[in-house]
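Build out the structure end to end from the sequences listed, making use of the hints.
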Amino acid sequence: MPPFNLFQRISKAPTNPTAPPKPRQFDVADLYQGPLNVAHGEDATAAPLDEKLRQAYFWIVNNAIISPHYDIEYNRGPAQSYAVGDSKRALNLPSAQSYSSFVLLPLLTFATRRKCLFVGGPGRGKTASAILMGVLSGASVKQVKRAMQHGHPQMTVADLLGNPLPADLVNAQNMDDIRIAWRAWLGMRVKIIDEYNRIPPRTQSALLTLMGDNYAEVLNHIYECPDAAWYLTANDDQGGGTYEVIEALRDRIDVIVQALAFNPRFLGELLMRIEENLKPEELVPAEIIFTPEEVDRMVEQIRAVVVVPPPLRRRLEFFTSQFELLETAGGQFEYMTKDTARLSGFDWDQVVAADSGRDRLKDLGCQTRNGISVRNLMTLLMYAKALAYFRGNGEIELDDMRQVLPFVLHDKLQPDLDAPFFGLPENAAYRTDRISWLRRLFDLSNADYDRLDLDQHDPVGELAAQFEAGLDDLSERDVLARLNKIERHVSEQIKGRKLYGHLYDDLLKLKYLHQRYTNYLVWVRSQS
Amino acid sequence: MISALFASLLASGRPGFNRRVAEARRRYPGFDTAAFGSFLSTAADAVVSAVAAHAPDRAGPAALAVFDLALELTAHKHTGTLARQVWTDVAPHYASLLAQQPAVTLGMLTNAVLHMQKVRGVRVAEWLDWMAQLAPQTGTLQQLSVCGQICAWRAGMVHFRQGAIAAAEQLPEALALAAFGAIEGEWPVVRDALLRDPWWTPEAAVRKRAAAGIEVGSFTGFGGGFSEPPEVRPAQQGFWVRSGERHALLMADACGAVLHPASADEYAHPQPAVNATVIIEAGCVVLNGRRTPLDLPAEGLKVVCSTYAVALTSPYSHAIRVLPLR
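Here the protein sequences line up with chains A and B, keeping their order.
Note that the numbering used here has the first sequence beginning at 731, numbered continuously upward.
Note that the numbering used here has the second sequence beginning at 480, numbered continuously upward.
To be clear, the hints were calculated from the coordinates, so they are not data collected in a lab.
Careful, some of the hints might be misleading.
What the hints assert, rightly or not - Facing chain A, a subset of chain B residues (Cβ under 7 Å, in silico):
id: 1; residue: Met587
id: 2; residue: Thr589
id: 3; residue: His638
id: 4; residue: His726
Claimed, not checked - Some chain A residues close to chain B (C-beta under 7 Å, calculated; not the full set):
id: 5; residue: Phe756
id: 6; residue: Val758
id: 7; residue: Leu761
id: 8; residue: Tyr762
id: 9; residue: Gly764
id: 10; residue: Pro765
id: 11; residue: Leu766
id: 12; residue: Val768
id: 13; residue: Met1002
Unchecked claim - Label pairs and their computed distance ranges (CB to CB):
id: 14; chain 1: B; residue 1: Gly495; chain 2: A; residue 2: Ser870; range: 23 to 29 Å
id: 15; chain 1: B; residue 1: Ala483; chain 2: A; residue 2: Glu1023; range: 49 to 55 Å
id: 16; chain 1: B; residue 1: Pro494; chain 2: A; residue 2: Thr886; range: 46 to 52 Å
id: 17; chain 1: A; residue 1: Gly917; chain 2: B; residue 2: Asn497; range: 42 to 48 Å
id: 18; chain 1: A; residue 1: Pro808; chain 2: B; residue 2: Gly495; range: 47 to 53 Å
id: 19; chain 1: B; residue 1: Ser706; chain 2: A; residue 2: Arg1161; range: 52 to 58 Å
id: 20; chain 1: A; residue 1: Leu821; chain 2: B; residue 2: Ser706; range: 50 to 56 Å
id: 21; chain 1: B; residue 1: Pro494; chain 2: A; residue 2: Trp912; range: 45 to 51 Å
id: 22; chain 1: A; residue 1: Ser870; chain 2: B; residue 2: Ser706; range: 51 to 57 Å
id: 23; chain 1: B; residue 1: Thr567; chain 2: A; residue 2: Leu1008; range: 32 to 38 Å
id: 24; chain 1: A; residue 1: Pro808; chain 2: B; residue 2: Ser706; range: 19 to 25 Å
Since the model is a prediction, treat every value here as computed from it, not as a measurement.
All C-beta atoms, glycine included, are put in the ideal place defined by N, C-alpha and C.
So, in structure tokens, the structure goes:
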């Protein structure tokens, strides 16, 4: 008797009713859409990939993850909000479809073939979620479990990558003759490393090559791995396992999601699983399994189809520019960065103590010990695109950026907990809740952006756009006029103003434009 | 009373069936076991008996499929009169298909009825009659599917008209004609006539009824769809309708009229109106010389023409009167 399939059903209704209206077409086949499953053979039509991704999400939150927390909130129109407890924390009831980060971020990682770290206490479903992602890639539960690497203090590079064949080691006359028995997991489309913070440093370095460059090397032999989504788990993200995780490896991780606590109100569901011996990973419906080609297509669609509108890009630029400046760290303008201070190995507190004159409470840059790297920015854009794609949109919205940003920058933007911001009683929670702090940081940056009215008034942006239009047929006189305009603008910008991160980057941009025009001017004069 | 055959089939797989029910009860806290039992003993029994009479060796698989479908219907609270009618009055006519593919056959018939039930103004009872009549000529699932679609259009699912005509190409000529209610003629001729004029059908009685016009919508207080007297604008497929803050797409043809939800944006972008000679006289409207009685005062009466139809609205009515434009 085949198993009754209530558990394996996936939503037939569109999972994103907010998708933009399409031209009205009535499909006569809709007549047979209803509560009973009538898909058979050629009649079963494949859903678009974004719809399939949403179906996978909703199957997981409705069937596999017992108590999802809807912490990625979207609103359409006013939403109900309550101030709860002595701390008056807001409990929001979102007015639009909202999502659980613990499911959504791993799924977006799957769709973009990136790297996701699950953190949280033991027994909270980190490994189970990673296995589910493996099953979505088409591997069987057995294959996924066998391919999963379990970090432990004795783990060697050979354990991780593979061994040279013993017979070849004895008989080989040169290195090329030694065959390597590569570990099977290297060929998986979803790679899982459980408790990665228990792997010793030397093996971590081999893992770094694998994660960073997607190949494995043993005795000069190379194994090129297929593109894959990576899932790592750690009992805490502070390197609290047996070994501290090397920084470069941590930096390769694209998003960090936290497994939140189980809500005992869902104990009944748990009981049903025990009584019925149900294992969600073994019941994943075939309709939400992705072939490698489908994931390839999905990655392409996410990259190409979803666009970042210029005003949103400008807001991200503004946010990013807040953090790198450290005026006292460099003697030359270009070197006044936190990275300069960090590379020098100078005591952070001393460098910060010398930084005076600015409003350290207002300056967002004072809240962090570092800036945002190019890799982080690329990751942020990719995940924002993926979220927009998941929501059925062809364009990223500000909220998409706001929602993914904390998970991408979680381990990347280090807070300076001695900053005045964290000393305020109302900000005490941000010392421990990094997700909320990062979201708050983005909100504050946006508020500043709005206050400066940069959407309407952005002279540096206008100068850059003018330059982007090209230099063809620009006369010497025009170039001189533009150079003059840049110089005047620099003078205006610095007149009586403190130096903040966004201003610093604007000035560097103006210097860049000035240099390009100067070079062009030299060329124009040489032609006459 | 459940038949001996079905009872024995259920008894033979008792632990498995019981486990399925237990699982459904856990998954759906409101699962009504009494309704499930009643549905099994009447509707499901009729299906299994029909299959057993046609192909005794297929009764077992049919019972299994029927049991699961009944569980699903009960879980979704769809074991009402209509589902029972499908299972007892229509499905047994398709015993041959049920024997081959019980879940799909029964699923299609049931889903179709539940789908049509949700659309205001659709005549589901007529669909059931037609489907029972067409059963002897229907030999495959594909034919069943297409016949169901054609009959759905005839029953008032106006938006399926184009799809149904296109799908009919897959049917044998006799079955295609029968599905459209044509007693005589050739399929290509009937098809061309159907494509030419949405207000034409092979059935003379239906044509006559359509010529008198169709009234759609009424006051929400009386169970209708409009909270205020509606306003209409021409659309490519009919008319955009606004009533209060709600918008709809009105589609009408010889078989009826349906309203689909629409947006304010769609209402704001109507198609250009079609010119027609419309004269409002006391107690009637004259369209291109054709006189149709009208029970609305002439004051405030609005006439909007789209490609194939005319919509009349009045500040004194929550209904829209749609007439063919010829």
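Hint by hint, here is what the structure shows:
no.: 1; hint: Met587; in the structure: holds (5 Å)
no.: 2; hint: Thr589; in the structure: holds (6 Å)
no.: 3; hint: His638; in the structure: holds (4 Å)
no.: 4; hint: His726; in the structure: violated (12 Å)
no.: 5; hint: Phe756; in the structure: holds (4 Å)
no.: 6; hint: Val758; in the structure: holds (3 Å)
no.: 7; hint: Leu761; in the structure: holds (5 Å)
no.: 8; hint: Tyr762; in the structure: holds (5 Å)
no.: 9; hint: Gly764; in the structure: holds (3 Å)
no.: 10; hint: Pro765; in the structure: holds (4 Å)
no.: 11; hint: Leu766; in the structure: holds (4 Å)
no.: 12; hint: Val768; in the structure: holds (4 Å)
no.: 13; hint: Met1002; in the structure: holds (5 Å)
no.: 14; hint: B/Gly495 <-> A/Ser870: 23 to 29 Å; in the structure: holds (25 Å)
no.: 15; hint: B/Ala483 <-> A/Glu1023: 49 to 55 Å; in the structure: holds (53 Å)
no.: 16; hint: B/Pro494 <-> A/Thr886: 46 to 52 Å; in the structure: holds (50 Å)
no.: 17; hint: A/Gly917 <-> B/Asn497: 42 to 48 Å; in the structure: holds (44 Å)
no.: 18; hint: A/Pro808 <-> B/Gly495: 47 to 53 Å; in the structure: holds (51 Å)
no.: 19; hint: B/Ser706 <-> A/Arg1161: 52 to 58 Å; in the structure: holds (53 Å)
no.: 20; hint: A/Leu821 <-> B/Ser706: 50 to 56 Å; in the structure: violated (34 Å)
no.: 21; hint: B/Pro494 <-> A/Trp912: 45 to 51 Å; in the structure: holds (47 Å)
no.: 22; hint: A/Ser870 <-> B/Ser706: 51 to 57 Å; in the structure: holds (55 Å)
no.: 23; hint: B/Thr567 <-> A/Leu1008: 32 to 38 Å; in the structure: holds (35 Å)
no.: 24; hint: A/Pro808 <-> B/Ser706: 19 to 25 Å; in the structure: holds (23 Å)
Violated hints, in rising order: 4, 20; the structure is consistent with all others.
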